[in-house]
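Please put together the full structure from these sequences, using the hints given.
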Amino acid sequence: MGDGAIELGVATGAECGLSFIPKPSVWTSSQCLTPRVSSWKTTEWSMCSVTCGRGQQTRSVYCTLSEPGQVEVVRDDSECAAVTVKPLTHQACNQLQCASWRTTDWTECSVSCGEGVQTRSVSCVLESGGQLPDFVCLAQTKPPAVRVCLLNSCTDNFSWYIGAWSACSVTCGEGIQNRPVSCMSHSGGKVPDFACSAQVKPSSTQSCVPDDCSEFFSWHVGVWGL
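In terms of the working numbering, the sequence shown opens at residue 13 and continues consecutively.
None of these hints come from the bench; they were simulated from the model.
Computed from a predicted structure; not experimentally measured.
The beta carbon of each residue, even a glycine, is placed where N, CA and C say it ideally should be.
Heads up, a few of these hints could be off.
To be verified - Cross-link-like lysine to any residue pairs, in silico, SDA-like; alpha carbons within 25 Å at most:
1. 154 x 65
2. 202 x 169
3. 154 x 98
4. 213 x 123
5. 98 x 48
6. 213 x 127
7. 98 x 123
8. 154 x 119
9. 202 x 163
10. 53 x 83
As the list claims (entries may be wrong) - Label pairs and their computed distance ranges (CB to CB):
11. 139 x 98: 45 to 53 Å
12. 139 x 160: 26 to 34 Å
13. 71 x 160: 47 to 55 Å
14. 138 x 95: 40 to 48 Å
15. 200 x 220: 28 to 36 Å
16. 185 x 160: 52 to 60 Å
17. 213 x 141: 50 to 58 Å
18. 51 x 138: 42 to 50 Å
19. 142 x 204: 57 to 65 Å
20. 122 x 200: 18 to 26 Å
The structure is reproduced here in structure tokens:
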């Protein structure tokens with residue numbers, strides 16, 4: 013080593029002696045504290061309030077305090093809120109548009125009197141108006157597309173028209189007369205006879221006796237022969 017240099021080395025405990033080991037002036041001991049944990053607990057989300065179209069779900073959220081070996085207890089929300097943000101108690105669900113049946117107006121009745129039918133279109137659509145296959149809406153009862161309609165009785169619109177009797181078919185004795193009998197609408201048009209079937213059809217023929225033929229004919233008696 014050079015002049016003025018000091019050489020250092022590592023010595024063992026025995027060489028140093030116990031008297032040189034640093035130690036506290038007073039030995040102390042303390043009991044470890046067990047952690048107390050505050051935390052949020054949640055239940056399962058409820059069923060959605062609707063099957064489609066902006067529903068809501070709810071759940072319960074409460075603050076608990078737990079310690080090792082102790083039963084978990086419910087505490088005031090403020091104890092957990094001081095540590096973490098309280099979880100949501102409500103949330104949106106089933107945000108898809110609902111599908112439903114849409115109908116057009118009924119058509120006019122298929123007949124002008126009596127019993128007929130009316131029809132309309134029935135389709136499955138979204139709230140926005142887009143059309144869907146019918147099976148998407150089958151959870152709802154499909155409205156009818158056909159219905160019976162009852163108008164005034166056909167007897168109120170049709171009646172028998174009776175013409176004048178013809179001359180008797182013979183000049184004396186018993187003959188026959190004819191007359192036209194037609195089913196007519198109140199607007200003046202001729203219609204098939206069945207439209208007036210609710211009314212008894214008047215007779216279109218009848219017997220007639222213009223005169224007693226005895227007034228026109230008589231026995232002529234000649235002179236007796238020799």
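Is it true that residue 71 and residue 160 lie within 47 to 55 Å of each other by Cβ? Cβ of residue 71 to Cβ of residue 160: about 52 Å, so the range 47 to 55 Å holds.
Residue 139 and residue 98, beta-carbon distance inside 45 to 53 Å? violated (34 Å)
Measure nothing beyond the straight line between the CA atoms of residue 154 and residue 65; if it is 25 Å or shorter, mark the hint as holding. Judged against 25 Å, a Cα distance of about 20 Å means the pair holds.
Just to be careful, I want the Cα atoms of residue 98 and residue 123 compared with a cutoff of 25 Å; is the pair within it? Judged against 25 Å, a Cα distance of about 69 Å means the pair is violated.
Residue 53 paired with residue 83 [C-alpha distance capped at 25 Å]: Status holds; Cα separation ~14 Å.
Does residue 169 lie within 25 Å of residue 202 when you go C-alpha to C-alpha? holds (12 Å)
For the pair residue 122 and residue 200, does the Cβ-Cβ distance stay inside 18 to 26 Å? holds (23 Å)
Pair hint residue 154 and residue 119, alpha-carbon separation not exceeding 25 Å: holds (18 Å)
Is it true that residue 200 and residue 220 lie within 28 to 36 Å of each other by Cβ? 30 Å Cβ-Cβ, so the 28 to 36 Å window holds.
Please verify whether residue 213 and residue 123 have alpha carbons no more than 25 Å apart. holds (23 Å)
For the pair we were handed, residue 202 and residue 163, check the Cα-Cα distance against 25 Å. Roughly 20 Å separates the two Cα atoms, so the pair holds.
Do residue 139 and residue 160 keep their Cβ atoms within the hinted range of 26 to 34 Å? The hinted range 26 to 34 Å holds for residue 139 and residue 160, with Cβ atoms some 32 Å apart.
Against the hints set out earlier in the document, violations occur for numbers 3, 7, 11, 19.
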